[in-house]
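Chemist: Okay, here's what each chain looks like letter by letter:
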Amino acid sequence: MNNHDLPRWATAFVMPILNLLSALLVAALVIYLLGESPVESMGILINSSVINPEGLSYTLFYASTFIFTGLAVSIAMQAGLFNIGAEGQMYFAGLGLTLAMLTFDSSLPMWVLIPIGMLGAALFGALWAFLPGYLQAKRGSHVVVTTIMFNYIAGALMNTVIVKYLVPAGEQNPASRAFSAAAEMPRLNQWFPVLGETPLNISFFLAIIALVIYGVMVSRSSWGFKLRATGLNKHAAHYAGVRISKMIITVMLISGALAGLGSVNSIMGSTHYLSLNFVGGAGFVGIAIALMGRQHPVGIFLSAVLFGALIQGGFDLSLEKQNIPPETFIFIQGLIILFCGAMENFYAPAIAALIKRKK
Amino acid sequence: MTFEDLQIGSILVSTVRNAPVLIFAGMAGLFAERSGVIDIGLEGKILASAFVSAAVAFATQNPWYGVAAGMLVSVLLATLQAYVAITQKGNQLVAGIAINIAMSGLTFVVAQFFFQQGGRTPDLGQARLFDVVLPGSAAVEGIPFIGWLYAHLIGGHSVLVYLAFALVPLVHWVLYHTRFGLRLRACGENPHAADAAGVSVERQRYMAMLIAGILCSFSGAYLAIVQSGFFLRDMSAGAGYLALTAMVFGNWRPVYTFLGCLMFGFFGAVQIQIEGVDLPLVGRLPGSLIQMVPYVVTVIVLAGLMAKSVAPKALGTPFVKSR
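So the protein sequences, as listed, match chains A and B.
For what it's worth, our numbering labels the leading residue of the first sequence as 1264, then goes sequentially.
For what it's worth, our numbering labels the leading residue of the second sequence as 3, then goes sequentially.
Any given hint could turn out to be false.
Stated by the list, open to error - Keeping only pairs whose Cα atoms sit at most 25 Å apart, straight-line, the calculated DSS-like set for lysine-lysine is:
hint, chain 1, residue 1, chain 2, residue 2
1, A, K1509, B, K323
2, A, K1401, B, K323
3, A, K1497, B, K323
4, A, K1619, B, K91
5, A, K1401, A, K1489
6, B, K91, B, K315
7, B, K91, B, K323
8, A, K1619, B, K315
9, A, K1489, A, K1619
No lab work stands behind these hints, which were simulated from the structure alone.
Throw the hints in and build the complete structure from the sequences for me.
Modeler: Structure, rendered in structure tokens:
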């Protein structure tokens, strides 16, 4: 069961697609058991997430956030770290962004506010990832469990901060005040009216830029080489002169910052205020994206768009089909992580046998 | 109410009532991890068995059918995990997380499908497991301290609570004083040596995961059928991870793991007690902040401020038979 024997096209394309199809097949079975037609559901899903331009716009809007969380999980994975904490990091980052906006949104122009907001988000996201990274590097406490704990802690902490300090006087809704118009990311519908009243904004391009930087840094820089060496064999990397604990802390800081940047799209691009649970599982989607996209920039992009479509289409689907609530897609996400992550080599022996027979 | 009014008695009683969720899951984790398989999927198994046991208990109006059904689903998930970890030699962490996320979604969807109450099951009412009243409780009730000790701290719990506490010496005996336990530990420490001695590492690990599935199911059943009397979305709230941490804290040994579980049970009990109480220096803490307590404690424990942990040597590495 060694996938090094397989050609690159098999491991990079055929196997991920087979794995994805397996996950979707199980999902279709469950939808069938819930008394709905999988084919009809698929039709509604595709129609409202890709074919309809407004739907497509929403798909790409969600994808913009997912690219960031997917990158966050991916870069940690490159160093052999499994960061489950993108959810909490992005949630806490929302606080950094909001504090920056509440302070400056009446005094500064947009082109200054956007970088400040990004900086605040990245800083707070990195801060939330620092302690798990530090504890992994220095004390050997497993980053998986600590980041999960930090997700729960972020949930409780943000609840306290929002409800106690950020809700404007006289308001009931657990959310901060809305930012001024200067703190809104420019939306793409002002240039493409066909997109309708959708929140797709320039964060999408920021996400693409982040993907490119990630690709260059990881596969074309000497730092990226050290990063991957750490992930492949810590001891060998250490022997070659990489300072492992510094690498672990650095990569967790970057990972947290990337997860944090996801909040820029969700808050400055859409709601324009900080609300309870605004992350809504985007951090966990990032895990599925990183595994499905095999931590490759193109893979991350395609997986993020797929998940954007699943969320957008799934939302419309839940309105039409009572038995398929949006939570169904949390289940599908789990299936995708299972098939594309844990059982990624499931089809390797079959493909290897097939190739052998042809020869 | 002031700080002095914190009821030590009721804290101890709720410690005993909180701990079983963690004890069952912790003992399950012990079997899995001592055999060399990381079981981060405890959370998902707890959640799945909590839902299934609540749903079946409600449908049949018999809590024991609920417990049995919960066991079945938990064992199925453990088998899937075992298949991925042992046969497929896949990433065990990823498999566990996948199960946790999938179950978080699926239990909601199925609960909604059957009951339409926002991912909740109806109240179990008579289908709950009720507390055992020890014989003579009424007679000693009037005696100060002893009455409380006998009727409320030792007595007055569900059968599952006693099962949880009885499990600890049993697990200790199985792991350290039977041939099965010796082989199991060998597979976790040095699978190649175990293999050379004629032990089937794969079979041993499958057995361990099977036992883990059975034990873990009680955790969910206890949560739904005993503690709450219904299933609620994501009601496990990290109990699986807390149990794992208790195990790390306990250095992968049954008795110390049990103490770790008691500790978390205690913090949970304190958390309920200090809600709405004016504490010295800090004043009244908001409920949402107090909810952080077990998670913060977990991080502190994991940071190794309390114990130096020694994991089984082959933990998380798939066994590839050398030829």
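Chemist: For every hint, state whether the structure bears it out.
Modeler: To see whether the hints hold, each was checked on the structure:
no., hint, result
1, K1509/A <-> K323/B, "violated (35 Å)"
2, K1401/A <-> K323/B, "violated (33 Å)"
3, K1497/A <-> K323/B, "holds (24 Å)"
4, K1619/A <-> K91/B, "holds (23 Å)"
5, K1401/A <-> K1489/A, "holds (19 Å)"
6, K91/B <-> K315/B, "holds (17 Å)"
7, K91/B <-> K323/B, "holds (12 Å)"
8, K1619/A <-> K315/B, "violated (37 Å)"
9, K1489/A <-> K1619/A, "violated (36 Å)"
Checked against the numbered hints given earlier, this structure breaks hints 1, 2, 8 and 9; the rest are met.
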